[in-house]
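S.K.: Let the sequences and hints guide you as you build the complete structure.
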Amino acid sequence: MPIPVIMPKFEMSQETGQIISWYKKDGDLVKKGEAMFSVETDKVTMDVESPGDGVLAGITAKEGETVPVTTVIAYLLGQGESLPTAESASEAQPPENVSTPVEQPKSAAISSGSATPVAQRMAAANALDLTSVTGTGLNQTITKADVEAALAQRGNDEGKVRATPAARRIAREEGVVLDEVPGSGPRGRVQEDDVQKFLSTTSQRSAQVLPPQAAILSSTPDYDIVPLKGMRRTIADRMVSSYQSAPHIMFTMSVDGTSLEGLRKRMNEQAVKRGEEKISMTALLTRAVAWTLLRHSRLNSTLNGDEIRQYKTANIGVAVALNDGLIVPVVRNVEKKGVSQIAAEINDMAKRARESKLTPSDVSGGTFTISNLGPFGIEQFTAILNGGQAGILAVGAVQKEVVVVDDEMVIRPIMRMTLSADHRTVDGAVAAQFMADLRSVLENPDLLLY
Amino acid sequence: MSGREITYLEAIREALRQEMQRDERVFLIGEDIGIYGGAFGVTMGLMQEFGEDRVIDSPISELGIAGAITGAALTGMRPVGEIMFMDFITLASEQLVNQAAKIRFMFGGKATVPLVMRTPMGSGTGAAEQHSQSLENWFVHVPGIKVVAPSTPAEAKGLLIESIRDDNPVLFLEAKLLYKTKGEVPEEPFTIPLGKADIKREGRDLTIITYSVMVKRALEAADQLAQEGIDVEVIDLRTLKPLDKETIIASVKKTGKALILHEAAKTGGFGGELAGVIAESEAFDYLDAPIVRLAGRDMPVPYNRTLEYNTVPQVENIVESARKMARREV
Amino acid sequence: MSTNVQPYEPLSEKRRKELIKSLSKEELLDSLQKMWKIRAFEEKAEELYMLGKIHGTMHLSIGMEASAMGSILPLRQDDLILSTHRGHGHCIAKNADMKLMMAEFLGKECGYCRGRGGSMHIADVEGGNLGANGVVAGGIPMAVGVGLGFKLQKTDKVIVCFFGDGAANEGAFHEALNMAAIYDLPVVFVCENNQYGMSGSFKRMFRIPRISDRASAYGFPGVTVDGNDVLAVYDAVNAAVDRARNQRIPTLVENVTYRWRGHSKSDANRYRTKEEIEEWKTKDPNVRFASWLVEAKVISSDEAEQIRKSAYAEIDAAAEFAEGCAEPALESIEEGVYA
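In order, the protein sequence lines correspond to chains A, B and C.
Convert by adding 4 to the 1-based position in the first sequence; the result is the number in the working numbering.
Convert by adding 114 to the 1-based position in the second sequence; the result is the number in the working numbering.
Convert by adding 259 to the 1-based position in the third sequence; the result is the number in the working numbering.
Source of the hints: derived by calculation from the structure; they are not laboratory data.
Be aware that one or more of the hints could be misleading.
What the hints assert, rightly or not - Taking lysine-lysine pairs in the DSSO-like style, the calculated list, with each CA pair at most 30 Å apart, reads:
1) B:438 x A:164
2) B:368 x B:330
3) A:340 x B:368
4) C:413 x B:224
5) C:524 x B:224
6) B:367 x A:340
7) A:164 x B:367
8) B:359 x A:316
9) B:368 x A:316
10) A:361 x A:341
11) A:341 x B:368
12) B:367 x A:316
13) C:568 x B:224
14) B:367 x B:380
15) C:410 x B:224
16) C:303 x C:524
17) B:290 x B:368
18) B:290 x B:380
19) C:312 x C:276
20) B:330 x B:296
21) B:224 x C:303
22) B:224 x C:312
23) A:355 x A:28
Fair warning: this is a prediction, and the values are worked out from it, not measured in the lab.
M.R.: Encoded structure:
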């Protein structure tokens, strides 16, 4: 029997995947487990492994093409086998060997036209007949957006998510959007377990190392062409969307880093003594920011439609530079962690980011972002808000400067940081107070014990 | 632990006897409690020990009994009245509700009414419609009266002694079906505080909140459910008012599932109050299933044995209900 | 006298003189003064109510002063009473402070019940008044309990339990009278038969000529007297108190009297005639008593008038005091529900 090769699904809300590059070509002999092609999603790049042994044949999706998840895009043929005829472009059963997320999609009533699994699940949970829905996806596939639109039109409040109070609490605390969580309870109700599963979801499939630079597709005498695809494309789209939808206001402040540097020195003495990782300025900053965020919850919020979600915990994303790209892994519940743990987590995630080993849950659920270009010698800069968050802090280098203290000129290590805030939800005074408090705690880090 | 086992009924008798020995202000009044020893035998032997003056046989005058204990309490006595079947408390209600419950408050806190009214409630003995009711929620609803409902012999003794020593009107609810059950009871006088529930069985998956005759059934159901891997926590309220909200809330926060269980008819029953307490509390955020009430059917208790059996929750009903909740089928 | 109750024996003049002689001048004057205080209090309460200063409703006992005073005069300080919704008179006769009563009617914190009880539930537990009662016959079963308490405590205290003609038809009345009899309790049941429940006349609601006849149904003596003759009432209740205290036998004393005002403030008196009311006003118990005392030369008519005036003066002062008192604090709203 020919083994179907499908476009796999890595995240619950993922509807399509874009093929970045094929490692094998038509006619190649492939062994089970070998990487066949790489796929780009909104958040990460993953390699897809072969589900079995066979000769690769019948490839229907090219590099750069975006395909709905679970679509069959090739086959592995055994000896003497030939390609199946009269196959449809719709989804087949994923072979068990290909890792897919643990959740079982609920089946829905589908007659003609296909629907993405997310759409199917939503429809089933809301008792929506898919035959009544027009698909706007590839090949008229019904997408989640289509189902949402149909539900909204249906005009009842079934558009709201059914979820138990316990599920809602965990979702709130962890910054999970409930619409994305499949519900296993009656009438599609999201239970606490469902949220827990979602958080630890998606198999920990590691991707392989990304090519060192985005591949240059072609060259002309005057310029090289780098295709705007994959992560580059995602970043481009996101930046535009954020900049255009959120009116940014910027606040710069200088901080006297004397106490902070002293603290860091002492902490690193501890770290060395204990053989633990050294504490970076970023880790300290992250902790201080968390302290401040919990006292200024408007800065620790996201805007979703017409809901400002003020989170009760600080999940702070720390921007990590990649070759031709940037990724923001999230340290969760920062206010509950010591600096040592934060530093360890940041280091670990940065490492995995560079190795393209981050998972979707590593990069989701952030409530605020910090970007530190200090190590590059930048004095100050402004950053663009990340993913609907109300604030992002751009931190510059610590430099010795002459400042006036008690009418005397002294030399102090000064750090400039710039907060960009979403003026739809954050006003000047609110941002100013946040910054003032941040400076207080950075210049008097004992306050962290408060 | 003394290791001595006596019945629920004997434990109540012992409580009465020990308190009457200790405090000469305590006396009993009720129908046929003297030489007859009480309709269920609770007061057997007490008249012989304490005399007719302190173990008073009353005429068939429930209102008179209730008024007598109220008036006596106002003179500083600590009377314990008995209504033979809770169904007849309807006749005594005027004095309990309009007088005893209200006098202290009406008089600006300047009077004290330390009385106890004991009465057996519940079905299961074939006594049918007018001798089988559980009307505890009526009196929970009256401010000024405390309501107690023990489930084991030891607790019956400890709670009754405490009720007699309490300076408020206390309605002490005995369950007919529990009279003959046995348990270890300390020989010396002891008290159990009112307003404190008891966790009879700890568990992680689901909380059953119950009292009186249903406690035993809940525990049996829990044993069965344990075999299916469902770990049930059983809370015995012991006092209905004042209610131990803390224990309830902590448990529901832990398990996320609350099953409220009582014999009395469901509609307007005490279970509604408990559900409201849970829903209004911080336990709300931890609920992973709707709050479920398992209670008696909304009908009078019939005579036929099978029908009577099926009128109130039994072990198998409790198991089924809890299982559905645990499996998220509710 | 148009009354529906069968004629009872009026007090003979001889007996009246004996009674006056048997009481000290202080007791007599005190009684007269109290009866005027009751009248003055009721009239003032009515005035304040009509001025909108008293909330709720009230049940006035104008015209029934002799029944209250005559029933309480025989009591010792440590004897107790249980009263009715029409109990202001009982309260005053039992030595209550009119300032604190007024304060209670105005709902003030310093009132007898801290403003929580009002007219219908006024009580002075320390002073021996176990309370007015908003439920007809509500106090009668409690009287049995009080009697039981006294008996078990082995004291010789007595409980006088007031109720009206309407209460004699409540089940509680029957259960309680029976229990008082079988337990040999020191209870005196005083029925103030003012001949109307609310609108239900004695004639319509009873098939018997006298309520006191019901005592024999329970096995103890009953007697009916002129409830507007304070000495007649005293005579009957005194004997009953003595019987209760020393023999532990209850008595049912029926005081036939009349209330000048309607049942409560919202009574339009449609169930009786103006003529009837006027007729009974000529039998004013206070005026009668004063005239006997003057006749017996216990006091002069000037002195009698003085006593009357001073009662009104006192109640004016009490009302003023009460109006100056503080309201209960909102923070204390739930106090007193439980001990």
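S.K.: Look at each hint and say if it fits the structure.
M.R.: Each hint, compared with the structure:
Between residue 438 (chain B) and residue 164 (chain A) the alpha-carbon distance is near 25 Å, which keeps this suggested pair within the 30 Å criterion. A hinted pair counts as satisfied when its Cα atoms are at most 30 Å apart, and residue 368 (chain B) with residue 330 (chain B) qualifies at roughly 22 Å. About 22 Å separates the Cα atoms of residue 340 (chain A) and residue 368 (chain B), which keeps this hinted pair within 30 Å; it holds. Note on residue 413 (chain C) and residue 224 (chain B): the hinted pairing holds, with a Cα-Cα distance of about 25 Å set against a maximum of 30 Å.
Straight-line distance between C-alpha atoms of residue 524 (chain C) and residue 224 (chain B) comes to about 28 Å, which keeps the hinted pair within the 30 Å bound. Distance hint between residue 367 (chain B) and residue 340 (chain A) is fulfilled; the C-alpha atoms sit about 22 Å from each other, no more than 30 Å. With a C-alpha separation of about 25 Å, the suggested pair residue 164 (chain A) and residue 367 (chain B) falls inside the 30 Å cut-off, and the hint holds. A hinted pair counts as satisfied when its Cα atoms are at most 30 Å apart, and residue 359 (chain B) with residue 316 (chain A) qualifies at roughly 27 Å.
Between residue 368 (chain B) and residue 316 (chain A), the direct Cα distance comes to roughly 21 Å. Compliance with the 30 Å bound is thereby established for this hinted pair. Of the supplied pair hints, the one linking residue 361 (chain A) and residue 341 (chain A) holds, its CA atoms being roughly 23 Å apart against a limit of 30 Å. The hinted pair formed by residue 341 (chain A) and residue 368 (chain B) meets the criterion: a straight-line CA distance of about 24 Å does not exceed 30 Å. With a C-alpha separation of about 19 Å, the suggested pairing of residue 367 (chain B) with residue 316 (chain A) holds against the 30 Å cut-off.
Of the supplied pair hints, the one linking residue 568 (chain C) and residue 224 (chain B) is violated, its CA atoms being roughly 34 Å apart against a limit of 30 Å. Only pairs whose Cα atoms come within 30 Å are accepted, and residue 367 (chain B) paired with residue 380 (chain B) is accepted, the gap being roughly 24 Å. Restraint check for residue 410 (chain C) and residue 224 (chain B): satisfied, since their Cα atoms lie roughly 24 Å apart, inside the 30 Å limit. For the suggested pair residue 303 (chain C) and residue 524 (chain C), the alpha carbons sit about 14 Å apart, so the restraint of at most 30 Å is met.
Proposed proximity of residue 290 (chain B) and residue 368 (chain B) is contradicted: the alpha carbons are some 33 Å apart, above 30 Å. Among the hinted pairs, residue 290 (chain B) with residue 380 (chain B) is consistent with the structure: their alpha-carbon atoms are about 20 Å apart, no more than 30 Å. Only pairs whose Cα atoms come within 30 Å are accepted, and residue 312 (chain C) paired with residue 276 (chain C) is rejected, the gap being roughly 44 Å. Taking the CA atoms of residue 330 (chain B) and residue 296 (chain B), the gap is near 12 Å; set against the 30 Å cutoff, the hint holds.
With a CA separation close to 26 Å, the supplied pair residue 224 (chain B) and residue 303 (chain C) stays within the 30 Å bound. Distance restraint check for residue 224 (chain B) and residue 312 (chain C): the Cα-Cα separation of roughly 25 Å lies within the 30 Å cut-off, and the hinted pair is therefore satisfied. About 28 Å separates the Cα atoms of residue 355 (chain A) and residue 28 (chain A), which keeps this hinted pair within 30 Å; it holds.
Checked against the numbered hints above, the structure breaks hints 13, 17, 19 and satisfies the rest.
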